[in-house]
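Peer 1: Counting in UniProt numbering, the sequence shown runs from 1 upward without gaps.
It should be emphasised that the hints constitute simulated quantities derived from the structure, not laboratory data.
Remember, it's a predicted structure, so these values are computed and weren't measured experimentally.
It is possible that part of the hints are untrue.
[Stated by the list, open to error] Think about it this way: if two alpha-carbon atoms lie no more than 35 Å apart in a straight line, the pair counts; the simulated DSBU-like pairs of lysine-lysine are:
| id | residue 1 | residue 2 |
| --- | --- | --- |
| 1 | K437 | K420 |
| 2 | K388 | K284 |
| 3 | K667 | K550 |
| 4 | K508 | K420 |
| 5 | K508 | K667 |
| 6 | K514 | K348 |
| 7 | K514 | K420 |
[What the hints assert, rightly or not] FRET-style restraints, in silico, Cβ to Cβ:
| id | residue 1 | residue 2 | range |
| --- | --- | --- | --- |
| 8 | Q497 | G578 | 24 to 34 Å |
| 9 | Y253 | F423 | 22 to 32 Å |
| 10 | A115 | L87 | 38 to 48 Å |
| 11 | L432 | T16 | 36 to 46 Å |
Glycine included, each C-beta is placed from N, C-alpha and C at the ideal position.
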Amino acid sequence: MWRPNDIALDHYRVETAAPDPAGDGGMLFNCRHLSRPFRAQLETPPPRLLTSTVGLRQVINRAEQRIRLGMHPNLATTFNLRFNRRLPVLIGEAVAGESLGQRLDTGRCGHNPRADLSLAIQFCHGLEHCHNLGIIHGRLSPAAIVITPNSLLKVTGFGLAAPEEQLETDRLRTLISEDIRAFGICLWRIFCSTPPYLDRKRPGKPRPINPELTFPVPLQVALLRSTANDSARRYRTFAELRHDLNLAYRKLYNIPCPYFEPPYADYRAEILNNQAVMLLEEGKKRAAAQKLARSLESNDTLAAAVYNDLLLRWLEGADPTRILGRIAALRRPDRHQPELSALEQAVKSRLAEPEAAPPGTREVEPQFSMIEPASRLTIYRRNPTRRKLEQNLLDHLRQRRYQACHDLLLTAWGREGFRKDIFFNRIYNELLLVREKIRPLQAQRFLKLSGHRSPVIALTAIPRSRRIVSLGADGRLIIHDLGRSGKPAILEKRELQATCLAVSPEGKHLVVGKRDGTVGLLSPRNGQATGSAQSHPAPISALTFNHDGKLLASGSEDGTIIVHRLATAAQHQTAPAGSGPIRALLYPGDDLGLISAGADGVLRDWKSRLRECTAAIPAHEGSIQALAAVGTGEELRLISAGADRLIKIRRRTEENCRQTLTGHRGKINALLTLTDGRTLISAGDDDLIMVWNPADADHLFTLDGRGNGICSLARGPRPHTFLAGRHDGTINIWMLIYQLNFDLL
């Protein structure tokens, strides 16, 4: 096996090698990473467990348990499991500091109850997290409890030789009780001068090490209950023990322990990011990309994961201009983002040197970012501030001080990048019920739906329901049900050879256009066919309903437009000369006039039932890709997006456009206006989602689509949400964060 100065797993220089203190035959190797300031501990299992398939499975199960704990600040982090010539090697955190055993041996415990209680409460957080995940320590001792130089407690010594019973869920309660008693004995040794029990039946009376101290009643209770021989008298959870330890702290110091609340950290997202970096060191890029995707799904704003995702895509040959566009979308003026700045500089340098070596082959490249495990008590500082903030927000809301609540919420939430937060989201949704929206300030990637194996070319939310219908480029239609709990489920998945879809304003009709020119009517509830009509001689490329859902217009690749009157099955047809394939159709107002857009870049305005084309306006160089409208009556504005990457806004009857919006770096695939009448959203192949105020031609902000391009947009199930269908087959539900108006309240 490895010796000091050996190179282990290609990336770690061994500094020390020693047997596992538990004495089970495992080995521990403290190492330093060769290319980054990162210390690790490599751990190998006892040889006896490697002689059978059962033993090896036990090692792998235990390793997976430890990895699942994530990066809890009070637990020694386990990053990954690797195999070295078929030998399992666990890569974990090398915790710097001294053990509780060393402190006990030198008589440095029991004299400062404030510090000792703080450490005990930290320990409870760590084991509480383990037990909540159904994971038992099983080897607790003073040697397994380490205090860093900055007084952060970390639990180590989980080992890879856990007894087989730990994998049995029916014994979980008993094993939790045994963990509590093992720590109770440690707790007794910290505070007391006598052994934890004088005979086999009951503990002795706890007596302080320092005779000048008197134990408050809650501390006496904690010592006696945690060490009770009878498991029925023992604490059931570490949360109960933590509660009594905090009561003892209050009795002694008249304030709650500053470490009583659980520490705030992204245990899951952070460990997934670090696992991705380690997989990249092994050359497993695909697996690393999957880990990064899961990390960002857990925490959409985790800076290291966002940066690593961009860097990996660039090194894999993504378009540099697209990478720069995504970096610009991620910029926050109130944040210091050195890694994004370094990546931006590297990409720009590469663009300025066209003859240079491709990304990944130059000597100096930006390095992937790992998140170091917490080692300081500052991880707990956020708790008091957060508690006070939540209380202030609730007070403002209850007292109907809505403007103050709104301003405080946006300030605090904005500092965190408007990331998903159960409390902040709840307060925001309550404020939305009170007053009207002024303008969107930012957006939150709220939910992710999967199921497609091809780009999502069309999607819609069924009105007055929590169902979302999506269509893939392969013709597969999926109905997603968000459910009352917000957990999405796939209700129906059908191969329809469809090319586009639309839903009527009231949600009564769901319609798909197919490659064979058929228009099919489906049930919005379950996707079952309810009717069809052979309409076009070519694949259908566009569908739209009028404002009351009585008329359905369809356009096809051969340039034909048909208006279907659903009540009578009557059809009216036209084929404008030279228009080419129909790319978009729109009923912009309450009248029966229809707007069509074709591959020739011309907007055509049709009277009811296609009786006459009243206007043909050359709008774009090349094909028109999408249409939208805002306003009503005289204030109605038509919005079009073309292959020329421009968005143009004009009055319906005017040939010249009023405003031209620029900013997209690739083809624009979709436009969307929201029900507020003041918000326009555009998206395209550049993977950017741009949010505009169409009245002033004002660009509000840009979102990172993170899907290799956005193919479709639709209104969401709620007025302040929208849907984005991605090129990678994923659907994101975005929630807009609005500035609200409370001036009249």
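Peer 1: Taking the hints in turn, state whether each one holds.
Peer 2: Comparing the hints with the structure gives:
no.	hint	in the structure
1	K437 x K420	holds, 20 Å
2	K388 x K284	violated, 45 Å
3	K667 x K550	holds, 33 Å
4	K508 x K420	holds, 33 Å
5	K508 x K667	holds, 33 Å
6	K514 x K348	violated, 44 Å
7	K514 x K420	violated, 38 Å
8	Q497 x G578: 24 to 34 Å	holds, 29 Å
9	Y253 x F423: 22 to 32 Å	holds, 28 Å
10	A115 x L87: 38 to 48 Å	holds, 41 Å
11	L432 x T16: 36 to 46 Å	violated, 58 Å
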